[in-house]
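Peer 1: As given, the protein sequences belong to chains A and B, one line each in that order. According to our numbering, the first sequence holds residues 1 to 267 in order. According to our numbering, the second sequence holds residues 1001 to 1263 in order.
These are computed hints drawn from the structure, not numbers from a lab. Worth double-checking, as some hints may not be accurate.
[What the hints assert, rightly or not] Pair by pair, the computed Cβ-Cβ distance ranges are:
#1 B:Met1089 to A:Ala244: 45 to 55 Å
#2 B:Ile1011 to A:Pro209: 41 to 51 Å
#3 B:Leu1235 to A:Glu57: 38 to 48 Å
#4 B:Ala1009 to A:Glu162: 49 to 59 Å
#5 B:Pro1063 to A:Gln207: 46 to 56 Å
#6 B:Gly1048 to A:Gln161: 25 to 35 Å
Beta carbons are placed, not taken as given, at the ideal position from N, Cα and C, and that holds for glycine.
So you can see what is in the structure, the chains are spelled out below.
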Amino acid sequence: MKAPLYLLLVLALIGCSAHQAGDEASSEELTIFAAASLTDAFDELAERFEARNEGVEVVINYAGSSQLAAQLVEGATADLFAPASPAQMQKIIASRRVEPGAEVLFVSNRLTVVVPADNPAGISRFEDLAQPGVQLILAAEGVPVREYTDRVVATMPAAFQEQFYDNLVSAEDNVRQVAAKVALGEADAGIVYRSDLNPDVAGRVRQIPIPDGQNVLATYPIAPLADAPHPELAQRFVAFVRSAEGQRILAEWGFEPPRSGPDGQLR
Amino acid sequence: MVAATLAVAMIAFFVVPFVALVWRAGTLEGEAAAAEPSIASAVILSLGTTAVTVVLIVLFGTPLAYFLARYHFPLKRLLTVMIELPIVMPPVVAGLALLSAFGRRGLVGMPLANLGITIPFTATAVVLAQLFVSSPFYIRAAQSRVESLPREYEDAAAVDGANRWRIFWHVILPQSRAALLTGLILSWARALGEFGATILFAGNLQGRTQTMPLLVYGALERDLRVTFITALILLALAALAFTLTRWLAGVEEEAGDAATFIG
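Next comes chain B alone, as it looks inside the complex (with noise of 0.2 Å):
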């Protein structure tokens, strides 16, 4: 009974902030804010920049996952802890190290200023940002799925002669589509809604940094329907990657069930 009441109330703990978004964006009078223009460029901006962090998280991570995944080395365990700090650590501070790095002063970024390139501020720095913070999510995924793989397959490619590229296109993606896919989907969804590092790294202007999240905080003082518009869209995004994820775990429990009954 107790256990009962204590799970109830955290159900509604979680239910309440839904319904109450949504409620509260349903009494906001007023009609055209869906065609206020800087609703518009976040939702590009957004969708552009993550979908090349996304492509970034694949060309770099795969094969960084499938070295972790394959072979040990000296500080592999320090260098797995770094790899994953970025998914706990605070946003705000990972925008601070990005800047440090990076801003005109940093260590890269004055040597890279003096060639006439800047990244603060501008739609690069908004990728940086996100690719930081969330590729770790996709590494991790790939590594433990290939670590999850029999090394056999891939052995006996190598002595048939296949080289590494071939070895990963047809042993290891084709058994690993619905864990890569899954671990690139949290990925996308976490840069989605990357607020700390970029606000801090990328700076806040419309049409060129301003994402979907730092457009949510800044017309919570201007506009209100645009905040709620903005939130409920990021939230259908979010929803929509989840259900994909769910789908896919689904996916992969079938097609394992099938192995095991094949095998």
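Here chain A stands alone, though its shape is the one from the complex (with noise of 0.2 Å):
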């Protein structure tokens, strides 16, 4: 007979955690999905944007675009989605959790190769990553920096892909392992994209440019959840991301202006 009551009482604990949250920030909580790429910048922009919009508070949730897509289509709750390529946000509109042209493209971003900065394998240039001992690193099947650097290889000569993929010692979560792997030394070389080198790795990594003609045009969309909790705050965090202010916090992070991609996608 009591049981009920005491089941109620045990959901009232529970739900007391989740009441004062709400109770001390009368803050709104605008929450984000970003692609790990963008973390120091999104960093930067959330801290600017926190501090003219009294009350409101950023949670970024950083992780490879593709680890992203796969929790929102899951039903993760979040108010804004920023992958790395358009391939991700459309994983989104086809399972009707952002809608159809919803997404504006923000930011473009370019791949580079990153070697230790003592660089044991000796690399100078896009083609010694074909060498054979090369200890190499890319992301995972999927996540999108592999899908960029994967049709970087796919214009190369046959002889160059099949060592190239030889190469490959470890595939990583996300573009931000890639690059803390090369950091820490233990592959001879990684392919990321050039807003990566941020401070705290680029002292320890040295840059090898891929030239522009060989590289392609990383482009970022960002969109508001179709059933987005806070959606008067997404699209004002879109517009600042948009801004002069925000595209120079961008820019000063490695990122482009938006352009169109190959695929042609610019809204």
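Fit chain to chain and form the complex, with the hints in mind.
Peer 2: So this is what it looks like as structure tokens:
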């Protein structure tokens, strides 16, 4: 007889913590699912956004875009989604969590080769990555930076392609893991975005640029979720990211202005 | 009444996730996932590396357990803590520690790298990660079993001129088989489930270092069927390991009863 009462008490206790969180913040919490490569830039954007919107707290979940997409398809709650490729956004649109046409491209990026500062394998250009014995780290298949990389590799001769993938020693979760492991000196080379050379990594790696003609343009869409808890706030953040100040911050972190990618998607 | 409700709630908390896992796996359509090459290579890699790990555990862990059980020496307690720490240590920290030791820039790894031997991102790294986190289960079980055995038999055998190896083989082992095997199965199960240390130290590459737990995680964003099938295989293996330990516990109990009866 008493059981239901007791259960209620337990539920009330659980409820308490949720309630408290709501209380102390008479504030609004904007939740963003953002590509790992956006980490530093979005941290700064969030800080500025909070400073000019009193009572707003920005919470960002950074991970490989494919991982974020999987979480969103499984029903994770968020206000905004900012993956590193239109393909990941399409997945979410297909699962009806973002309305078609709600996304805008807000920034682009380019690939670069990174090697440990002492360059143990003596890499001096992209072609060297296919030399036998080079320990190469890439992101896992499905992660946007890997898809962009595969696109660059696909333009190379077949012999290069075979040796290149033979050299692969680990397929990491997201692009930042690739940068971290190269910075630790555990691999001879990795392929990341130019924007991944944040101050923490930059001193410990050397950049071997991939010429623009050979490189691909990575394009980043952003869109509010169809069931975003704070749709108005989400729109405000998108506007901020696309504003002159937002674009300047992104440029400081190594990003380029939004441009139409090879698939011609620019809205 | 209240206690019963709480107990039922706890039972539900344990049972529901298992049911949900099987249910969710059942709802995923598609047929050919079992033939998915990533599953086959993960199963082979997991079984292969854990087999090597188990052999290494027996080879290096047994003498250590014996010495810990039979000898007293300064700093023994500290040593015991160090050996057992991996049981409670966060695996990702274990991975970082292994990377610091055996990575290309590591304490041991750097001299090795100069000799042309690199460990990270190889199956060797997978085995080292498993060995580090799982061997304490066996060492602990073996040590406490040997400690519980009366010393007289060993002393008598020693008086008769048996060497240490023969004493172990003919005196200790026959009385400890079930306990050693139980410890070994627990170690194997822990090695099979190793994730955090492996992904950090050994990386993630299909066919080379992508064990079953890494595939469960990695395929989540690529192919849900692969994730669920691999998860169910892992669950089945864990259940098998657990059943074996229960069965061994029964065997040991019977043997113990028989001994009491004879005695």
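Peer 1: Hints first: check each against the structure and report whether it holds.
Peer 2: Hint by hint, here is what the structure shows:
| no. | hint | verdict |
| --- | --- | --- |
| 1 | B:Met1089 to A:Ala244: 45 to 55 Å | holds, 49 Å |
| 2 | B:Ile1011 to A:Pro209: 41 to 51 Å | violated, 60 Å |
| 3 | B:Leu1235 to A:Glu57: 38 to 48 Å | holds, 39 Å |
| 4 | B:Ala1009 to A:Glu162: 49 to 59 Å | holds, 57 Å |
| 5 | B:Pro1063 to A:Gln207: 46 to 56 Å | holds, 50 Å |
| 6 | B:Gly1048 to A:Gln161: 25 to 35 Å | holds, 29 Å |
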